[in-house]
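Participant: This is what each chain is made of:
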Amino acid sequence: MRRTVYLKLAFWGALALFLAWDHARAPRIDLRFEAPLIAAGSGQTSIAGHCALPK
Amino acid sequence: MRRLPIAALAAALLFVLVWYVSVRQAALFAIGIAMGAALAGARFGFTTGWRNLVVARDPRGVVGQALLLALAALGSMPLLGQFPELNAALAPPSVSLVVGAFLFGLTMQIADGCGSGTLYKAGMGVPLNMGILPLFALGSFLGSVHLDRWLVLGVIEPVSLVDHFGVAGALAATFAGLAVAVALALAWSGAEGRASWFDRRWLWGAVALAALAVLNLVVAGQPWGVVYGFGLWAAKLATAAGVFDPAANMFWNQPGNAEILRQSVLLDVTSITNIGILAGALWVAAGAPSTGRPLTAVQWLIGLAAGFVMGYSSRLAFGCNVGAMVSGISTGSLHGWLWVPLAFAGTLIGLRVRRRFGFDAA
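Protein chains in written order, with this note's numbering: chain Z, 1 to 55; chain D, 1001 to 1362.
In short, the hints are calculated from the structure, not lab data. Incorrect hints may appear among the rest.
As the list claims (entries may be wrong) - FRET-style restraints, in silico, Cβ to Cβ:
hint, chain 1, residue 1, chain 2, residue 2, range
1, D, L1203, Z, D30, 22 to 28 Å
2, D, L1203, Z, L9, 34 to 40 Å
3, Z, L7, D, Q1263, 40 to 46 Å
4, D, S1196, Z, Q44, 43 to 49 Å
5, D, W1188, Z, S46, 35 to 41 Å
6, Z, G41, D, W1300, 47 to 53 Å
7, D, I1156, Z, Y6, 24 to 30 Å
8, Z, S42, D, W1204, 15 to 21 Å
9, D, V1298, Z, T4, 16 to 22 Å
10, Z, S46, D, W1019, 42 to 48 Å
11, Z, Q44, D, A1011, 27 to 33 Å
12, Z, R28, D, S1196, 53 to 59 Å
13, D, R1356, Z, A10, 27 to 33 Å
What the hints assert, rightly or not - Quick look at which bits of chain D chain Z covers, simulated, 3 or more residues with Cβ under 8 Å:
hint, stretch
14, 1161–1172
15, 1256–1269
Computed from a predicted structure; not experimentally measured. Note that CB positions come from ideal geometry on N, CA and C, so glycine has one too.
Starting from the given sequences, assemble the full structure and let the hints guide the process.
Facilitator: Dropping the structure here:
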């Protein structure tokens, strides 16, 4: 039981650390180029980021 | 753990996303939370549904999954016909798909969770799935790195049912295919299985997940996916550690992937829904102690190895149960229809391995 609690803490801690690390190293997000709330009807196609993409 | 602090943390992250990232990403995070809550609340396990059909001749999970696919197709295909900016989950039938889907179906039974299953069970605090997640990410990353070598073994162009037959024709073909799958499942289940083919838990899970999958498509412009996000996380770490040069790799030097790799992970659609699924499952699991026997060291080793292979093979197969099966079939990609029988064949082997190492008793 206690081991599971430690594992949970390690898991969520690692995820939080990863997000913080990535936030620190990634370029600042430019809100002027924010994507429209809804893609449908926006005229903007997403270019990548799905498992089905072969390359 | 109480639900209120978790809800407060999720709300705080939602606020951060709205304020510092984009309203769209915040909306996708909320969709991910709802997906996680639906998956965990309904215990909507693709892996379990297949296992119950084979082992216990219980068709309820497969019927629920067929309903999810039908409803998601009913929502997605007309949208794809109407809005050209929306992408279907189109992937090429290939040698890598054959190998990847078979291995994925095999290993998901050992790991007791597919892509979404690993996510929601990790969110719920199931120890093996928490351990598997980083290895799944590593496998997914290595699969993307090696994908070009697999593709030279044989590949044809992706086939879109919506493009070939139109929306009505694609829907008719999809419903017919699903009806055949359900009929086969009911025939295998026998009279006893047929008498109890319907289950409210699977029904509400299917309806909720179908609605959320369509919403994901409308908001993100692409179907629901899981695996890409995992591979991206590992790719970021490998690149930062200096052990991987994305510019020299076919997959990661594509302009879209290179840009996603460079920018904040909070801007990636798949990553943000994955994090939402984890949070939603955590919220559902709060206060409910995890059950089940602890695994032996051998079971841990086998399970973790299966998680790694699952990540690698899901990349070769252009998705897991979500990216290839749910999104592929519901958006009219032929590769989704090829994925299912291949993964099911793998599952038949995986169930034997699972039994051999005593996972069913755990």
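Participant: Against each hint, give a clear statement of whether it holds in the structure.
Facilitator: Hints and how they fare:
{"no.": "1", "hint": "D:L1203 to Z:D30: 22 to 28 Å", "verdict": "violated, 44 Å"}
{"no.": "2", "hint": "D:L1203 to Z:L9: 34 to 40 Å", "verdict": "holds, 36 Å"}
{"no.": "3", "hint": "Z:L7 to D:Q1263: 40 to 46 Å", "verdict": "violated, 31 Å"}
{"no.": "4", "hint": "D:S1196 to Z:Q44: 43 to 49 Å", "verdict": "holds, 47 Å"}
{"no.": "5", "hint": "D:W1188 to Z:S46: 35 to 41 Å", "verdict": "holds, 39 Å"}
{"no.": "6", "hint": "Z:G41 to D:W1300: 47 to 53 Å", "verdict": "holds, 49 Å"}
{"no.": "7", "hint": "D:I1156 to Z:Y6: 24 to 30 Å", "verdict": "violated, 49 Å"}
{"no.": "8", "hint": "Z:S42 to D:W1204: 15 to 21 Å", "verdict": "violated, 31 Å"}
{"no.": "9", "hint": "D:V1298 to Z:T4: 16 to 22 Å", "verdict": "holds, 19 Å"}
{"no.": "10", "hint": "Z:S46 to D:W1019: 42 to 48 Å", "verdict": "violated, 23 Å"}
{"no.": "11", "hint": "Z:Q44 to D:A1011: 27 to 33 Å", "verdict": "holds, 28 Å"}
{"no.": "12", "hint": "Z:R28 to D:S1196: 53 to 59 Å", "verdict": "holds, 56 Å"}
{"no.": "13", "hint": "D:R1356 to Z:A10: 27 to 33 Å", "verdict": "holds, 30 Å"}
{"no.": "14", "hint": "1161–1172", "verdict": "violated (count 0)"}
{"no.": "15", "hint": "1256–1269", "verdict": "holds (count 12)"}
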